[in-house]
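Chains as they are written, first to last, in UniProt numbering: chain A, 1 to 307; chain B, 1 to 307.
Hints listed in this document are in silico derivations from the structure and should not be mistaken for laboratory results.
All values derive from a computational prediction rather than experimental measurement.
Any given hint could be a false lead.
[Claimed, not checked] Straight line, CA to CA, 30 angstroms or less: simulated DSSO-like cross-link-like pairs of lysine-lysine:
| hint | chain 1 | residue 1 | chain 2 | residue 2 |
| --- | --- | --- | --- | --- |
| 1 | B | 230 | B | 204 |
| 2 | A | 30 | B | 296 |
| 3 | B | 295 | B | 181 |
| 4 | B | 193 | B | 230 |
| 5 | A | 204 | A | 181 |
| 6 | A | 296 | B | 204 |
[Unchecked claim] From the derived model, a few chain A residues whose C-beta atoms are all more than 12 angstroms from chain B:
| hint | residue |
| --- | --- |
| 7 | 12 |
| 8 | 30 |
| 9 | 58 |
| 10 | 92 |
| 11 | 107 |
| 12 | 179 |
| 13 | 202 |
| 14 | 301 |
C-beta: ideal position from N, C-alpha, C; glycine also.
2 protein chains.
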Amino acid sequence: MSQSTYVIGHQQPDTDTICSAVAYARLKEKQGADAVPARAGELNPETQFVLERWDVDAPSHLEDASGEQLILVDHNEHSQTVTGAREAEIMEIIDHHRIGDVETSSPILFRNEPVGSTATILSELFDDAGETPSTRTAGLLLSGLLSDTVVLRSPTTTDRDRVVAEELAEIAGVDYEEYGKELLTHKSKIGEKTPREMILSDFKEFEFGTHELGIGQIETVEPAVVLHQKDAVLEAMDDVATEREYSAFVLLVTDLLEEDTTALVAGDEIETVEAGLDTAFSEQEAFLPGVMSRKKQVVPPLEDAFR
Amino acid sequence: MSQSTYVIGHQQPDTDTICSAVAYARLKEKQGADAVPARAGELNPETQFVLERWDVDAPSHLEDASGEQLILVDHNEHSQTVTGAREAEIMEIIDHHRIGDVETSSPILFRNEPVGSTATILSELFDDAGETPSTRTAGLLLSGLLSDTVVLRSPTTTDRDRVVAEELAEIAGVDYEEYGKELLTHKSKIGEKTPREMILSDFKEFEFGTHELGIGQIETVEPAVVLHQKDAVLEAMDDVATEREYSAFVLLVTDLLEEDTTALVAGDEIETVEAGLDTAFSEQEAFLPGVMSRKKQVVPPLEDAFR
């Protein structure tokens with residue numbers, strides 16, 4: 001019997017990562033592959049809402065991928081992969097981020113496209129294969145797309161995302177603006193979290209040359225809930241930066257309604273962060289007008305500054 | 001005025017690399033981009049024949065890519081890129097090899113597919129864009145496809161390559177078996193070369209962990225022409241391995257008619273090469289039955305052995 005292939009997204013999974021893993025496993029199964037969706041960490045409240053809304057079981061947690069066959073979705077760098085991925089065989093990659101450090105020995109399918117969500121690419125792969133996603137799968141893909149693009153408002157949004165969102169909404173039988181607004185309220189249920197949970201809930205590590213950085217993002221309609229506890233949040237950031245030996249920990253508190261970001265910073269390399277973001281921090285805080293995308297507006301200039 | 005983007009393949013360019021660069025630049029131009037094909041080295045006799053046959057100018061030689069915008073075709077690792085590529089902006093990658101070490105700061109299009117040639121993927125991109133290649137462009141794409149797959153005989157050949165070859169042959173107005181045989185005779189004009197020219201004419205460098213390797217391939221219908229001068233060839237391989245501090249230099253002399261390979265080896269790490277290829281060298285020579293593809297049958301096991 002041949003081995004199952006796990007379809008899996010990044011650590012600290014978000015809605016696009018989970019929904020893409022489930023949807024791509026379904027497409028691979030339709031095509032005769034033995035593919036199983038999996039996750040590399042705990043579900044966030046928004047994703048829990050989405051899975052319940054579309055009546056889909058949560059993918060099981062893959063604790064250690066050593067020796068397994070993996071299809072990576074929504075990431076392509078080892079600082080974000082499931083534990084053991086370096087000892088796994090990477091069979092395919094579908095993503096929409098910068099090109100990272102995952103290498104393979106053999107030629108594989110790697111489809112990375114500069115669009116708003118991995119779900120967008122997967123919807124097009126269904127099309128290419130002549131398959132129509134089921135109502136549930138369309139609901140999941142739409143959720144991934146709307147979550148990652150902040151209901152088509154993020155600067156990462158492309159015309160392809162808009163076209164795909166309409167197609168998926170029709171199959172899923174929802175109004176995407178209305179459904180999107182419902183999603184956002186779940187994304188922003190942050191009041192119940194501890195500062196440490198808050199800063200690590202949507203969090204990614206990056207290696208830029210010799211520097212390791214942590215960059216977290218809180219997308220919310222109520223940034224004041226975070227900023228009113230700034231001292232406790234900064235203390236949690238300091239702790240994480242020290243434990244993990246980060247050169248800097250940047251937290252983006254993104255206001256989904258005003259479409260801008262307040263950044264907090266901890267660590268030793270604050271001046272390099274200032275140079276990268278072309279800003280000045282006052283009491284470890286800086287306002288970044290128009291910034292909504294970690295991937296497109298924050299990671300590239302920080303990488304340039306740190307390399 | 002905005003900057004031109006160079007579409008460029010790997011060093012020691014082969015027919016697939018050159019034809020893919022020319023064809024993709026044409027597609028990008030049709031889509032309104034300012035894209036110019038370029039090359040990272042001298043043309044081989046087969047590629048010269050192809051450009052004359054289809055009456056297409058050779059792309060100009062890009063000596064230094066620093067500060068330029070690049071679209072990489074037919075490669076995605078820095079040991080094979082044009083000089084200065086690390087200081088260039090990589091805009092897109094279209095390839096059919098293993099996933100290598102090229103990283104980017106921003107999300108880009110990276111389409112890597114496990115098919116027989118980059119030309120195959122480009123033909124499908126023409127299709128996706130609703131464009132039909134001209135007779136000349138179809139002739140170039142067919143040449144890249146037939147050259148890389150040894151007229152659909154290499155184990156890297158997929159059903160997609162076969163379908164695309166028929167479509168391109170129809171547009172170009174040639175019989176692909178007949179045209180392919182004509183191509184092969186040009187590929188195998190090696191009798192006129194010095195041993196050093198011979199071993200470097202289709203040559204790639206790889207970094208496997210701390211080891212640098214050179215792996216050359218001579219695809220020919222007359223392997224005896226190479227093997228009869230074995231001592232001179234090994235001496236040239238020794239020279240190159242010493243100059244460039246390779247752990248090993250492996251030369252694959254591939255018999256296109258018998259569909260097997262005789263490997264020659266030089267350098268300090270012969271035992272690791274033996275372990276990787278699961279063979280024993282006698283007087284620096286080993287016979288590899290059924291081996292035709294450097295990419296699929298030689299690079300992966302050598303990488304495993306050296307890491």
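*Can you give the numbers of the hints that this structure goes against, from lowest to highest?*
6, 10, 11 and 14
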